[in-house]
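**Student:** Input sequences plus hints: build the corresponding full structure.
For reference, the chains in residue letters:
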Amino acid sequence: MENVQVALSAMLQAREISFEPISPRYFTVIAIRWLIFLLAVLGGWTLIACLNEIPLALGLSIGGGLLLAAGIWLAVMRLSFKYRGIAVREYDVVFRTGFINITETLVPYNRVQHVRLTRGVLEKMFGLSALYIYTAAGGNHNLSIAGLKAADAEKIKSYIMDKIKIAEEAAGNAPDTAGDEPFAGTHNEYSTDDDSHGNP
Amino acid sequence: METHNAASFLGPNRMSRTGVLLLFVKQLVLYTRAFGLLILVAVYRYVRSEAFETYGFGYVLLLILVFFVLVLVTAFLRYRNFRFYIDREAAAFILEKGVFSKEKTIIRLEKIFQINLQQNVWQQVFDVYELEVETAGSARAEARIPALSEPVANALKAALQAYALQHRPGDNIEAAGIPVGETLKAEDRRYIGSGNIFYASLLSHYGNGLQVSLGFLLVLWSQFNDWAQLFSGQTEEERLMSWWEALNTERLLLIAGILLLIPFVINTIRFVVKYYNISYVVLNPKELGIDYGLFTLQHRIFRVQKLQELNIVSNWFLRKKGISFVTLLQSENTVGRKQKSTTVFPGMPDAQLEELERLFYGQRIRQGAVIRPYANKLVLALLLRLVAVASLGWVATTFFEMPVQGWWLAAGILLWTWLIALLRFRNDAFYLHKDFIIRQSGSLRRTRKIIEPHKIQHLEVFRKLWRPKFGSIAIYTASGVIYGSWYDYDTLYQWSEGLINDVNRTSRSWM
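From first to last, the protein sequence lines are chains F and U.
Residue numbers are given in this note's numbering: position 56 of the first sequence equals residue 56, and the series is strictly consecutive.
Residue numbers are given in this note's numbering: position 241 of the second sequence equals residue 241, and the series is strictly consecutive.
Please note: incorrect hints may appear among the correct ones.
Claimed, not checked - Derived DSS-like pairs: lysine-lysine, alpha-carbon spacing no greater than 25 Å straight-line:
1) F:Lys165 <-> U:Lys306
2) F:Lys82 <-> U:Lys469
3) F:Lys82 <-> U:Lys464
Calculated directly from the structure, the hints in this document are not laboratory data.
This structure is a prediction, so every number in the text was calculated from the model and none was measured.
**Tutor:** Below, the structure is given as structure tokens:
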């Protein structure tokens with residue numbers, strides 16, 4: 001697997017992290033999703049308005065209001081893309097998101113539990129992937145990075161996986177390669193904690 | 001007395017014989033809860049009906065007898081079919097149970113995470129212990145053995161612990177194989193003392209107690225209402241109005257006084273009963289044994305390495321006496337197990353806290369450089385309170401004809417909330433040391449959350465677009481999050497960069 005090179009000069013200079021923006025195509029995906037949702041809402045509203053004999057002017061103005069709100073939301077979304085970005089560094093991966101409240105999430109490699117790549121139908125059409133990075137933090141706090149180019153996501157994933165492996169070898173207790181575990185592998189039926197039912 | 005060692009658990013074992021009785025009582029309680037009311041109603045109907053005159057009470061008694069015998073027989077069968085043993089081949093602890101549908105639980109020895117012994121009221125009556133095996137993975141595959149005699153329970157616990165240590169990779173301590181807990185002397189055990197627990201519960205957590213008692217009173221009121229509905233035609237509003245009219249100043253003061261006293265009582269019950277006679281003992285450098293409880297006796301083993309966060313809560317009264325609430329937080333394996341993974345010592349004396357600090361960290365907790373939020377946070381808090389009180393006062397004057405004197409009360413409330421806000425701001429701080437991060441917060445009650453940098457999972461740094469000078473930080477560990485806002489963004493960013501470096505360079509595992 002190919003490993004992405006990381007510029008060491010980017011390290012430790014908080015102000016000078018150059019965040020790589022996520023793919024602008026992701027905005028198209030968001031816009032399409034939003035459009036589908038909006039069409040459903042407007043369709044629903046038209047149906048309600050017709051069935052309840054709501055005056056045309058009122059119906060149109062509420063529909064127009066909905067459209068305006070959707071437009072504003074999309075504009076904010078577009079602006080937030082300016083701040084959205086990922087930085088893969090020597091020790092951690094940093095993701096920045098948000099428009100009004102800008103959040104920077106820093107995940108060190110040696111705390112990553114697992115990594116997941118997903119692609120929805122729309123994302124597939126535009127060649128995008130979403131990358132999920134999980135740590136052992138309590139609750140459902142994990143890092144999700146949507147709208148990466150599929151190739152980039154794959155590269156980042158393999159880079160993180162390599163880093164985890166290195167960290168585990170350094171710690172000397174890679175859980176998958178524990179050789180001193182006498183029963184490992186011989187009793188696969190006990191590999192989960194689930195109850196097994198049936199008579200012994 | 002029979003001797004028990006690790007070898008005696010290699011073949012199938014049953015629970016203590018009194019287990020039959022315990023299962024019987026358990027089942028009976030369960031059925032009574034489920035069908036009690038139904039049966040009562042049925043009996044009542046029968047007694048009032050014509051059939052009763054023909055058949056009499058004999059049949060009712062016979063029915064009850066049959067029911068008892070059936071429950072006893074199922075309890076006996078359940079006892080017969082409940083077997084447990086350690087399978088060395090499979091390196092697993094195995095539990096078999098079930099009368100009609102058999103169930104077999106297999107717990108791999110290296111997955112055993114904690115073993116607890118406890119006694120509820122019934123188990124105390126029959127003098128047996130419940131052994132509970134917690135695993136590191138899921139909350140579901142836990143094993144519970146409800147009735148074991150004391151020597152068997154202790155021997156099984158020791159055997160499981162020894163095997164678990166043997167089979168856990170990369171964690172071989174010398175104690176493996178030697179049943180721990182037997183060689184300990186009584187003087188090694190440290191007691192918090194009922195006096196300290198009582199003092200701490202009486203003089204702290206008043207706000208929480210008030211919330212709990214208000215909830216309790218609301219439930220009581222709705223229950224009372226339901227009953228009253230049966231006897232009088234008054235609606236809830238009418239009842240409230242008639243009570244309101246009967247009130248005079250004297251009664252009002254009396255009721256308010258009682259209401260304000262209730263939280264003390266509730267807190268005392270909450271802590272004194274739950275943590276009655278709490279004590280701990282250092283079993284070995286890696287494990288702490290904790291015992292507590294009045295009605296439900298708890299015995300738990302806390303693995304030192306699993307500590308994610310230490311909370312020290314105190315207030316002025318507690319500091320005078322040199323005690324505090326100390327909470328140990330373990331990693332949350334599954335969502336919703338927070339209650340289980342925390343251990344509280346109410347009113348722990350400072351000397352004992354020092355001992356725990358040395359056990360957990362190898363040194364005393366040290367404060368490093370302090371960072372505090374900008375004063376803007378305080379100004380905003382004061383303004384918000386002013387606006388809130390002023391608008392409440394305006395509503396009261398406009399719509400409820402509050403007399404002018406009412407504004408004195410409003411001013412008093414405002415001053416009080418301002419004082420609290422001021423104290424909250426004064427306590428708001430992070431202490432940064434190379435080995436510790438201390439998050440201090442709270443107003444009258446001061447909370448200190450302590451984590452070690454190598455326990456950090458990941459970080460979040462926030463900043464608002466229109467005030468880039470101010471930042472917030474969230475530090476995630478496996479047991480939760482530590483959060484602070486209105487700090488200097490540049491400081492936070494540099495700090496977070498330093499923490500990431502620390503986490504990367506450390507060779508210490510977070511669990």
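**Student:** Output the numbers, in ascending order, of every earlier hint that fails for this structure.
**Tutor:** Nothing - there is no hint that the structure violates, so all of them hold.
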